[in-house]
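Student: One letter stands for each residue in the lines below.
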Amino acid sequence: MVMLYLNEDERNKILIVDDSKINRAILSDIIEEKFSVLEAENGIEAMKVIREYGNKLSLILLDLVMPEMDGLEVLAAMNRFNLINEIPVIMISAENSSSYIERAYELGATDFINRPFNVYVVKKRIANTVMLYSKQKNLINLVSQQVYEKEKNSDLMVKILSHIVEFRNGESGLHIMHVNTITELILKQLVKKTDKYKLTSKDIDYIVTASSLHDIGKISIPDSILNKPGKLTAEEFEIMKGHSEAGAKMLGFLTEYINDPLIVVASDICLYHHEKYDGKGYPKGLKGNEIPISAQVVAIADVYDALVSERCYKKAIPHKQALKMICDGECGAFNPIVLECLCDIENTLENEIKINSLSHNNERKVRKITDELLSQSGITRENNSINYLEQARTTSEFLASMSKEIQFEYTKDSDVLTISEWFAQKCGLPLVIVNPFKNERVLNIVNGREGVEFFGSELAKTAPDNPAIEFTMQIKIENQQRAHRVLCISKWNTDGDVPVISGTVGKLIDIENEYQIMADLKKQASLDPLTSIYNHRYCVNLAKSKLAEGTDLNYALVLFDLDHFKAANDTYGHMFGDEVLKTVASTLQKLSKKRDIVARIGGDEFMLFIEYRSEDELKNKIENIHKVINDIVIDSYCVRISTGISTTQEVGYDYNTLFNCADTALYHSKGIRKSVMSFYDKDMMHSGIKITPIEN
Amino acid sequence: MTLNECIAVLSGNIDELKGRMLSEERIKKFLRMFPGDTSFSELCEAMENEDYEAAFRAAHTLKGVCANLGIERLRIKASEITEALRGNVNNGADEILPDLITEYNAAVDAINILE
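Chains as they are written, first to last, in my numbering: chain A, 1 to 696; chain B, 1 to 115.
No wet-lab data here; the hints were simulated from the structure. Treat the numbers as computed from the prediction; the structure is a model and nothing was measured. Please note: incorrect hints may appear among the correct ones.
[Said to hold, decoys possible] The calculated lysine-lysine pairs, modelled on BS3-like cross-linking and capped at a C-alpha distance of 30 Å, are: (1) 21/A - 29/B; (2) 284/A - 28/B; (3) 28/B - 21/A; (4) 280/A - 193/A.
[Claimed, not checked] Sample of chain B residues facing chain A (criterion: CB under 8 Å; computed from the structure): (5) 9; (6) 20; (7) 21; (8) 22; (9) 26; (10) 30; (11) 34; (12) 37; (13) 39; (14) 57; (15) 60; (16) 64; (17) 65; (18) 67; (19) 68; (20) 91.
C-beta: ideal position from N, C-alpha, C; glycine also.
With these hints in hand, go ahead and build the complete structure from the sequences.
Tutor: What follows is the structure, encoded as structure tokens:
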């Protein structure tokens with residue numbers, strides 16, 4: 001109810017759509033005290049307002065029959081724009097043809113109010129609907145925001161991308177770590193020296209993280225060039241140079257992240273990390289500070305680490321000598337101030353990089369795995385690809401042990417699956433599995449052949465120029481089924497005429513918790529958040545499906561309405577009011593059978609939809625419920641309800657008729673003296689029942 | 001003419017109306033708006049033009065407005081003509097129209113002398 005007592009300017013907005021000015025004026029008059037009112041005189045105008053305000057509208061009161069675009073068409077359009085689940089719509093019409101009403105419900109209308117308006121009923125229905133929806137909307141916003149943030153976490157994206165780079169590139173993952181470290185050291189020194197580049201600590205974070213991706217474009221470079229042991233020919237070098245632009249282009253494919261600051265920085269780094277300060281670099285030949293500072297710093301870090309590391313085509317150069325070579329311009333021109341920074345941090349640099357190296361223990365393990373693999377697959381150690389695999393394993397193992405992520409690589413030719421250490425331990429599997437799809441334990445993890453085939457069918461959706469794919473599948477770890485997000489790229493063999501998938505590399509992220517939240521949310525959507533019994537919309541659908549099953553069974557629709565509830569709220573506070581509602585809901589639940597439908601259909605209105613055999617049985621049962629609830633006392637507050645009942649025997653199997661008749665009976669009960677129960681009978685309709693306003 | 005007298009002329013149920021609208025002031029306020037409502041003239045014009053789709057909509061609107069304001073005799077005629085026009089055909093609407101016009105004029109006359 002909190003929502004109804006907001007400040008003037010924060011009042012909930014309600015859109016009234018009706019072609020009659022008088023009708024709009026009446027509705028507006030009824031609600032403008034508590035809501036801010038917008039008006040539209042036909043469907044087209046309504047859609048303009050709906051598109052403009054979106055879910056800032058708390059409610060729409062919608063007439064059915066209108067010129068230009070009628071109420072059903074508005075509902076249909078709201079479905080198209082996915083707004084129907086966000087904005088509750090109450091249909092208002094003198095139209096009592098049930099096919100219209102049926103169709104409106106099908107299209108997602110929340111409720112129906114018939115003309116002539118009853119001011120009290122209109123006020124109450126609107127307040128209830130707005131209140132229920134606000135709570136639900138807040139909840140949904142909260143959770144979806146969390147899930148979205150997690151999914152969109154670009155750090156994660158960077159991790160997988162850099163992981164892919166390492167797997168694929170001939171260079172060790174250590175190089176990437178070193179570039180990270182050096183970049184950070186230089187940037188921190190740079191901001192001490194000058195504020196020319198206006199770098200905040202957030203900017204530095206971004207640049208450091210994004211530096212992992214500087215060589216991501218190398219994925220597009222053929223193996224034969226990328227891992228060539230000797231010097232590249234001029235032609236090969238030209239191809240190699242393409243990796244700068246290829247990297248930026250790849251990041252451009254990540255449409256969801258395209259404006260993410262991290263990805264923007266990463267694109268700059270990819271594209272410009274081979275530019276030189278004197279304009280002699282590639283691909284653009286930018287000069288001086290035309291080159292983004294992020295790329296300038298990463299470039300120098302990249303060059304330094306390349307010099308001091310051993311590569312398949314060269315030996316490691318000592319630290320001092322490497323520094324001298326860079327300062328003397330042997331590796332191209334750099335920004336003098338960045339060079340100064342590099343020299344300033346000289347001592348720290350050497351130590352930091354040593355600390356960040358892998359332990360000997362890990363290296364021995366890698367050697368062992370490689371040897372094991374060699375003996376199994378009969379490939380010679382001289383083979384360059386083994387060299388690459390060894391380096392890749394080092395990297396992946398290191399990253400995996402840090403992150404506890406599940407990483408995997410599968411190579412089709414050798415039919416070998418490699419998995420990260422943490423995952424292997426959890427599942428009691430070796431790190432390297434030959435013929436994995438004949439391995440019982442592997443099959444168990446992916447839930448049998450079906451899992452393998454599903455994976456394969458997802459992978460088949462990729463193409464050489466668009467190898468990345470993301471999907472969700474169930475993974476069984478330690479006998480627990482958990483939903484995992486699979487992020488991977490397909491590897492392609494392009495030697496033949498038609499490219500074929502040669503394997504895949506990627507990782508699994510446990511999203512079971514997020515999955516559960518979504519499942520709970522779906523359940524929440526059918527339940528009233530306060531009382532945990534069904535909400536109106538859900539119970540309407542359930543009741544309708546029962547009524548549609550045929551006319552063999554008798555059903556009764558019973559409406560209960562708390563008397564003087566607002567007084568209780570005002571006197572004892574909303575917390576107490578909520579307590580009363582919860583107690584009534586749980587009492588109703590207790591007194592009804594499992595196949596009965598118990599729902600909260602509004603603020604203090606409850607509904608029971610039950611099957612019965614004889615009228616006597618029904619009467620006894622409802623009398624009992626009515627009495628038990630009227631005997632409830634909470635902290636000396638006596639709960640009182642009025643009850644209205646309609647039956648299929650009396651009014652037939654149309655849901656809306658049943659509901660309206662029970663409603664009529666309920667207001668009859670309220671009109672008499674409250675806290676009584678009434679069965680609907682035909683005379684009520686014509687007696688011009690006087691409805692006493694009670695809680696307006 | 002008092003509100004009670006006016007509603008009696010319109011054959012409305014004053015108790016029911018007060019029960020729904022909660023205040024006499026509200027009823028009077030909107031009754032006074034009724035002569036300015038365009039649905040009646042739209043209905044007549046659409047009938048003239050034999051545009052039964054527009055006529056149905058206007059009749060439907062008129063019916064709703066009358067129901068809200070307790071203008072019962074006109075509401076009955078509006079309801080009849082709505083049904084005669086349902087499906088955008090003229091299923092005897094012509095015959096109902098003169099009675100409807102009579103009722104409309106009577107209603108407007110009564111409302112115009114409301115205190």
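Student: All the hints need checking, so say for each whether the structure fits it.
Tutor: Here is what the structure says about each hint:
1. 21/A - 29/B: 13 Å, holds
2. 284/A - 28/B: This hinted pair is violated, its Cα atoms lying about 79 Å apart.
3. 28/B - 21/A: It holds: about 16 Å lies between the C-alpha atoms, which stays within 30 Å.
4. 280/A - 193/A: 26 Å, holds
5. 9: Given a least distance of 17 Å, the restraint on residue 9/B is violated.
6. 20: Holds: closest Cβ of chain A sits about 4 Å from residue 20/B, inside 8 Å.
7. 21: At about 6 Å, which falls below the 8 Å cut-off, the nearest Cβ of chain A leaves the hint on residue 21/B intact, so it holds.
8. 22: Holds. Min distance 5 Å.
9. 26: 7 Å, holds
10. 30: Because about 6 Å separates residue 30/B from the closest Cβ in chain A, which is inside the 8 Å limit, the hint holds.
11. 34: 7 Å, holds
12. 37: 5 Å, holds
13. 39: 6 Å, holds
14. 57: 6 Å, holds
15. 60: 4 Å, holds
16. 64: 4 Å, holds
17. 65: 5 Å, holds
18. 67: Cβ of residue 67/B sits 4 Å from chain A, so the hint holds.
19. 68: 5 Å, holds
20. 91: Since the shortest Cβ distance to chain A is 15 Å, the answer is violated.
In summary, the structure is inconsistent with hints 2, 5 and 20 from the numbered list given earlier, while agreeing with the others.
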